[in-house]
Structure formats: C-alpha cells, structure tokens
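Visitor: Going by the numbering used here, the residue at position 506 of the sequence shown is 506; the numbering climbs one at a time, nothing skipped.
Note that these hints are calculated values from the structure, not bench results.
All of these numbers come straight from a predicted model, not from anything done at the bench.
Virtual Cβ for every residue (Gly too), placed ideally from N, Cα, C.
Some hints could be false.
Said to hold, decoys possible - Derived pair list, reagent style DSBU-like, types lysine-lysine, alpha-carbon separation capped at 35 Å:
no. : residue 1 : residue 2
1   : K331      : K314
2   : K364      : K519
3   : K519      : K371
What the hints assert, rightly or not - Cβ-Cβ distance ranges computed for the label pairs, FRET-style:
no. : residue 1 : residue 2 : range
4   : D388      : G829      : 33 to 43 Å
5   : S541      : I892      : 45 to 55 Å
6   : H762      : E994      : 42 to 52 Å
7   : S406      : R312      : 53 to 63 Å
8   : Q576      : E709      : 20 to 30 Å
9   : E275      : L995      : 49 to 59 Å
10  : A84       : D1041     : 44 to 54 Å
11  : T932      : L995      : 23 to 33 Å
12  : D306      : D421      : 46 to 56 Å
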Amino acid sequence: MLRVCEKLRAVDAKSTRQGLVSTETDYLRALLDAMANMDRSVEVEVLKTLGDVNVEKGRLNKIPEKFDKAMVLYRTALLRSKDADVDDSLEYRYHYAEKLRLGKRSTASSSYEPLTVDKKLSSVAKVAEKFQHLDRKLTVGGNEKYLLIECTKLVIEGIVNDDNILETEAIKSLGDVYLKRGTETKDTTNLTMATALYNTALSRCEEFQGKVALIHRLKYTARIRQGTKTVKNQCSKHRARQQQGHVSRDFPMTSPNTVAIGASKSQQSVARSYEDHLAIGDQALADGKLDVAEQNFASALRLIHDPKQPNRCKEAQCLCRLGDVYARRGKITREGRKFTQAASLYNAALVRTGLDKSNVELIKRLQDTEKWFLQYTANVDTNMGSPDSYKRHQKRLKEMRTRAKSQLDAIDQQHNPYQYDEDDPVMITVEAERAEAVKALFKNIAKDRQYFIHDLVNECIATLGPPPCKYAFIGLGSQATELVTPYSDLEFAILIEEGKDNDDTRRYFLNLTHFLHLKVINLGETILPAMAIPSLNDFQSDDPGKAWFFDSATPRGFAFDGFMPWASKTPFGRDQTKTKLPVSLIQTPAEMAKFQRLEVTLAEGYHLSDILRRCTFLTGEESLTDEYMRKLSEIMTDDLLSPIQSCQSAMLVLLLDNRGQFFSREPTGQLINVKNDIYRFPDVALELLSLCYQINLASAWDVIVELKETKKVHEENATHLTVLTSISAEIRLRTYLANGGQKDSMSPLVQMCPQTHQLSQHTLMAVFHIPNTEVLFRYHCRAIPLKKYILDIVNNRLGLQPKRAIEMTIFDASNKCRGQIARNMYLSGRAKEYFEAAINDTERDVLERSDILEELGNLFVFDGNITKALSRFEESLTLRKRFFGDSAAHQIIAGSLSNLGLCYSRLGNQEKAISYFEQSLTMRKTICGKNTAHTNDAKLLQNLGSAWGELGDHEKAISYFEQALTMTKSMYGDNTAHPAIAVSLSSMGASFMELGDQQKAISYKEQALTMMKTLYGDNTAHLDIATSLTNMGSYWMVLGDQQKAISYQEQALKMMKTIYGDHAAHPVIAGSLQSLG
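Start from the sequences and build out the full structure, keeping to the hints where you can.
Guide: Pasting the structure below:
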C-alpha cells in the first residue's frame, strides 16, 4: 500500500488542493501509467478514485448516471483487486454509490433509465467509428498527449458499458501510440510500455481475432526492439564487453516493489515487465549471451518473488530458464559446478510445478544435465548410468526416515518417564533407559547414512572408473558426533594417499564429488541459496541485498553443506574471499592435520579446526582415517603451546562463539530455537569437556562413556549427560520428522503472548513436538547446572586440571531452578508457584531468598501487578542491605534499586523513580568506574530519560537518551544493529517530537525503524516495528502529509492484526483503527 501511495502522491496532493473533479485527467494519466507498467495495485486504486470522481460529479450536479458509472468502476476494481482491505473499501463505496443513486432517482427526470444489457451491447462497426477520428489524428502527427488521454477515456467507457471490444481496442491503441513513438525515437522505454499495454489488452481480450492481432503486435514490437538494440550494441563497445563478460548493468536486480530498469535516468521511471525480461533473456540465450540472459531471468524472478505470496508457476519458469543458462555455461567451461547449479535450478523448478505437464520436460533436463556433466567434465561415455536411479535413492531415504519415526514411536511406548511424578525417583531410572534407547536410535541413523553414502559413492565410481589412489571419505559435523538425523546436511572431506597428491588425483576426486553432488541434488532437498548462484545469492558481495532469493518451496533435507563462506564443509572447501585464500578439503592425512596447527588455526579461525578435529570413517580405505587421527594427535601434542594452554585457547574461542548459550539468562522473546539452543548446547558442552580432558573421540555418546570410564565424571553425572544429550537429539529429530525437513525455528513469543507473557502447555507441546512439557523441564534441570560448571572452568574457579573430576551434580530439580525454567518458557503461573515454594526452601540463605524475591517481582511486573512487584523488590533490597551493609555498594543492590525505580515509574511517581535510578547509577559507577560502558548503565540512562520525559523535561530526557545511545554504540559499534540502540533512537525521536522539531523526530524514528527491520526482518510482524510504524504515521499527520500518515498507519494495522489476529479485539488494534479514522 505504501508503494501505491507513493505512486499517486502527486496527483492525490493536487486533488486535495483542487478537488477530485478538477483532477480527473490526472487520474486518467495515472491509469495509463499503471496499465503500461502492468501495476495491478495502482490500477485498482485509480479505478477506485475515478469512481469517487463520478460519485462527486453525480452528487454536485445531481446526475444519477454518474452513480451508475461509479458503481461499475468500483465493481471492476473489486474484480481486479487482490487486497482484502482494499476489497472492503470498494464494497463500502459500491453500496454508498448505490444508496445515492436510489436517492437521486426520485428527483431526476422521468426519462432517466439505468443501463440495461441491450444498451451495453456494442458492435465492431461502432468501435471502429470511435477510433477512426483518433487514428486520423495519429497518422497526421496530432497531439500525442491528447490521443493518450482520449484513448484512456475510451478504456473507461468500455469498462463502464461492459464493452470488452471497446476496452481492449482502446488499450491496444494506447500501445500503438507508444510503438510509433518508440519506432521513431529508437527509445526502448516506449517499446517496453507498448509491450506491456499489448499484454494487458491480450489478458482481457475475449475475441479470437482481437487476440491474433495483439499477438502479431507483440511479435512485431519484439523485432523492432531487437533491431534497435542491435544498432545500439554496435555503437557501444562498452556495452558489448558487458554482455560478453561481466553481468550487464542494464538489467539490475530489483525487488518486488522496485523497478526493473536500465541504467539511464529516463529508464528509471518505468518498470520492466516480467514478460519483457523473459523475452530479452530468451533472445540473449539464443544468441549465446549467457550473462545477459542470466541477469534478465534473475530480474524477472525478482519482480515476482514474494516469499509471503509466492507465484510458484512464474518462479518455475524463471528457474528453468536459469537452469538452461548454467547447463549451457557448463558445456562451454566444462566446470562441474555449473552442471550442479543447473541441476539445483531444475529441481527448484520441478518442486514448484507439482503435477504440471512440464514435469516430464524438467526430468528430461535433469537426466541430460547428468549426461552433459559426464561428457563435458568427466570425459565419460554418456550412455552409462540408470536414468531412474534418483527414484531409487529417494525411496531409500524415505524408508530411512520411516524407520526412524517407527523406532521413536516404539521408544515412546516402552520408556515413558513422564507418567511419573517429578519427585518420584523411578523417573530418573526410566529416563536413563529412554536415553539409552535414543542413543541406540541415533547410532543406527548414523550407520544407515554411512551405508547410503557408501553406496552412492560406489555408484559414482562405477561410472567414472577406478580412483587413481587410495582414498577415504570422512564424515564431519553431526555425522561424526552421531547426533545426525535423516534430514541433516552432508559434511565430509576426502583423504588421499600420501605421495599421490597431484593434479590428476585432485581432478578425479573433484569430479567424483561433483557427480556425488548431482545425485544428492536430484534427491530434491537442496535449497538454492546453498548453491551460491551469484545472480540469486551472492555471498561474496558486501551488499546484503545481493543475497535476496529465499527458497521456501524446496524442502531442506539431505544435501551437501552449502557453498556459503561460513559453511563449505565438503571436499570443495571454501572459495577465495576478499580476506582469505581458497581452502580445499581434499588432502593427504598429513596436510589435513595441519589445519590444527596454531598459525593455520589463527588464520582460518577455530571453526574449521574444530570441525576437522572430530571425524568418522564413511567409505574407502579406513586405514587412511586412522593415519589422519594419528597425525592429528601428534600435531596437537607438538604444538608451540602446551596441551593445557592450547585447550584453554580453544575453549575460550568456543565459548565466545556460543556465548548466547552460556551467558544469556533473560527471555529472548522467542521460543527456544531447537537447533541453536537445545540441540547446540549439549554438543558444545561435550566438545568443551573433550578439550578440557583431552579426549580425542568424535561421537558425543562415546565421549560420555570415556568421561565415565576415566572417572572424569562419576556414574550419576554420566547418566545426566546422556539424558541431556538424548533429549536434545530427540527434540531435533521430532521437529524435522514433523516438518518434513530442516525447519527448526520456533515462532516468536512476542506474537503469541506479547502482553501476558503466558503460554499454554499445549502450545509448547505443539511447537516443540513433544509428548509432555516435562521434557523441557528435565532438559533444563541438567543444562543449567552444566552451564554453571563450564563457566567455573573458564573462570578458573576450579582450576583447569586434566585429571580433575566434576565435583558437582549436573542436576538441579529445586523449586528455584524449576521457576527459572518455567519463566523462560513463559509459563508464568507455574513459575510463580515454584518461586513461592522456593522462598520457603531458603529461609536461612538471605541472598538466595533475595534472588527469588527479585524473580517474583519481575513476574508481577510482566503481569502488570506493580504493587505486588514493588513489595517483592523492597523486601529483596532490605535483605541485601542487611547482608552487605546499608551503605555498601554492590551490583545486586544496584539491581534492586533499578527495579524499584521501574516500579515507581510504572506507578506514575517519576520523582521517586528518578531518585532510585540515580542511586543505582551512582552505585554502579562506584563499582565499575565512571568511564566504564555497561549494558545496565545504558539501561539506567535510558530509564532516566524516559522518566524526565514523563515529567515534561524533554531537553533533559534527550540528554540522557544521548548518553545511553553513545554508550550502547561504544559497546556494540556505531554501525551495528542492536535492540538497545534502536530503543534510544526511538526515544530521541519521541522527545524531539514533543519539543516540536518534527524533522529531527522523523529522522530518529526512521533510523530506529530501519534498525528494527534489520534485527527482526523486513517481513516480520513484530510489536516494536508496529509501534514505530504507528508513531511515524502520527508524526507525518502532524506535518500534514496525510498520504504518508495513512500509509504508515495501514502498515501498522496490518502488522498488529498479524500479531494479535485478524478478528482480535485488542486496544492496540483499536488505536490503529482510530488513527486511520
């Protein structure tokens, strides 16, 4: 809607000044532009406005016919509209015009009759007569602007009279005007508009002869365009070089809401149609201009690519053509990667066509792509191989998944610990039995995948011929840790025989990897971004807009690890980047082990060395894997640092990379992401323990056994580690099985409980795909104490001693711990119950009691019960002062003072709130230093600004907001998007608005809004974004720009409805509706 408002802003402003009737001609021009750009949304809006013009004429001049005309225009707009909100507005207008018509008819002349079917009938002769005069003017070089307006009036006349011949002939005549202009001036912009108008007429034409004439015009226009372009190309060596080499600048990437245009300024006012891009791309492909073809097909795709409302059919057309480009490119360059990219594009098209007849042709293309790879890249007889092998592989993969689900169901039946009370000791016993069963299941899955990969590799070798030396495929990542699912990515490397590392050997194994990749792609589960196709997802570019294609149609499952620079855990390795040289993961054991050397690790980053440190044999010569593990051990022992120091460094880096797992104690606003929070933590924890105790085993399950057998952990803790890991792995597997692929992100809690911070247990069970919410409690009862232990190691509180055993129990089922878990799961009611019970458990422990009171206070704040919250915070402060002393400066006392300030601010007592905030800030500066930047200090400055703003001292408020903004930027970076920075920017905007400086206010609010969209996503419905949109609407209303104001308010309303529900009765939605009037 915002885009439509922008398009019509000038004419709307004119109509506001001069009235609707006076600007009818301007709206006719807008209708012409909309048809020429094939912009359905703008066309609908203009038809609606022209209906309004006729209602106004009918009302002022008492002409009932105008109401009939308005009703037809509204009805036509309604038929062409795809926006529910616009539909409602059109229906309202239609009934309003009908009401006016009935009212006026009683006072009108008795000779008036509404339109009837007989009067609407037209003839070709009558239409020809109408155009005879206009054609004569066009022939003798009459005023083209006049002709365009008159033809557009005839379009409206055709719509009003339901005269399809008149409407389509008028649109065709408009196209003729632009065709004549383009032919004479050689300006392709006019030819583009002619093509768009002919296409529009063709889509509405009901007469066969009319369709034939329009198709003839389209072909003729295409020939004229090609001739014009050929002349221009001969005159421009620079453009010719662009077409032969790099991506043409004439056809830049566009978003659905931007124009697909040429480089010149004149072209930037016109959107290139989807069909036009395809036509140019087809011609370029036929002429062998592959870069131009790719750019046009990608631009066409971007024009219609909308993840929220995808047009699968058109996407498939573009993707298939892009596949043709890459297949052709593969034949020219003989690069195996071009063929795999072509196969991925064909598969992406295939998944979007469903049962369409084009399926057969796409499958043929896929088979041809494999043959071309063998012929052009591998130099192998193309008659070899089974054309239906991919169906056999798909069936085997499906059986593997069915088997995993069946075994999971059996585990549910045989081992159900959640039927027992949480305090029943039997529960732990049954949990341990279930964990062992899950462990066996995952070991089976890993073995099934190994056999599957082994067979695929042998199938490839049977076609390519025997390898030139001994080799071993080694599994990395979750395949090595035995936490892999039947949907997980394939991460692996290839070891080759010492002394055989030469170009021929590398070429063979690269071709083998490409062939294997083709077979995996043809399973149909490789998403396009993983292929790093530059025109769709250019991960090497500094411009994030270059990685624009989101593949929501292709299921993400069994696939190679992607080509993104941060992934690339396959033999292909990593392409060269701006800062790093290329890396190959086809190496001899000795060379592969060198990635563990300190200097290489520092250059490449610890992530690669971590991945390569844990591996498992997949296929080939297992002795090479054993040799690699020996070399690995030698390098880690002989490194410049001592083993303990080396482990400390690796642990610190690993902790830093996963700091959110260990240091974040606040609710994140999202349901825990399965992979990043629950699945990832046990894997990281076990890797840290392996580093600490120098255990060189890949399997997570084997690491736990080793920890127990070497008495690094006692038997009870080993059981807890196994249960923790099994719950993590099981939840991830359940999620993938339920979603049919790697879709493990949870819905934002903000959308589900933005006010109450309360979720039902049923919702949690549905989101996590678990039989009982107790699963989550049992997981966190182990994860929380394990986090504490690992942090103790890092802080050197226990001392990093390789032979030291874990002295604490990795299980905490206390009421306090359960309360924290319930709070993080937004089970507010259960959290309060646990914390209230925990108070009774800690009568003698003053600090523990004060912590629980703070937790309860925060829960009451969430519930809006500020009085109860205030009582808990005051009691907590008293206990803390009693323990440390009344005048003592301590972090937790400062925290209590800050919480009290927030309560008094919520109660409206800003003076008292400011007093507490200032005491807290002073105390923190005493502890940490005046110039130390800390998140809590920034929050206090922000809160002080808000409090002074409530008191009306906006200059003082801005002073505090500026300090908060400076501090947050010093911590996170000037150009970093962070929620705290966004909050400060938004607050600055609100304060400047109060001071009457609307320009500054809008500037800060726009910065905040942009940052929020960066943080949460452009298309994400988020409460903070919706609030900012509402504020922007209010600000623009104050400045008198009603169009912008309405646009922002409509965006806010739409987002609020997404968050709370279309039909929800909510005060925020009511406020947005009130703002819209």
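Visitor: All hints are to be evaluated individually against the structure, with a verdict given for each.
Guide: Consistency of the hints with the structure:
{"no.": "1", "hint": "K331 <-> K314", "verdict": "holds, 26 Å"}
{"no.": "2", "hint": "K364 <-> K519", "verdict": "holds, 15 Å"}
{"no.": "3", "hint": "K519 <-> K371", "verdict": "holds, 12 Å"}
{"no.": "4", "hint": "D388 <-> G829: 33 to 43 Å", "verdict": "violated, 57 Å"}
{"no.": "5", "hint": "S541 <-> I892: 45 to 55 Å", "verdict": "holds, 47 Å"}
{"no.": "6", "hint": "H762 <-> E994: 42 to 52 Å", "verdict": "holds, 44 Å"}
{"no.": "7", "hint": "S406 <-> R312: 53 to 63 Å", "verdict": "violated, 33 Å"}
{"no.": "8", "hint": "Q576 <-> E709: 20 to 30 Å", "verdict": "violated, 45 Å"}
{"no.": "9", "hint": "E275 <-> L995: 49 to 59 Å", "verdict": "holds, 52 Å"}
{"no.": "10", "hint": "A84 <-> D1041: 44 to 54 Å", "verdict": "violated, 26 Å"}
{"no.": "11", "hint": "T932 <-> L995: 23 to 33 Å", "verdict": "holds, 31 Å"}
{"no.": "12", "hint": "D306 <-> D421: 46 to 56 Å", "verdict": "holds, 51 Å"}
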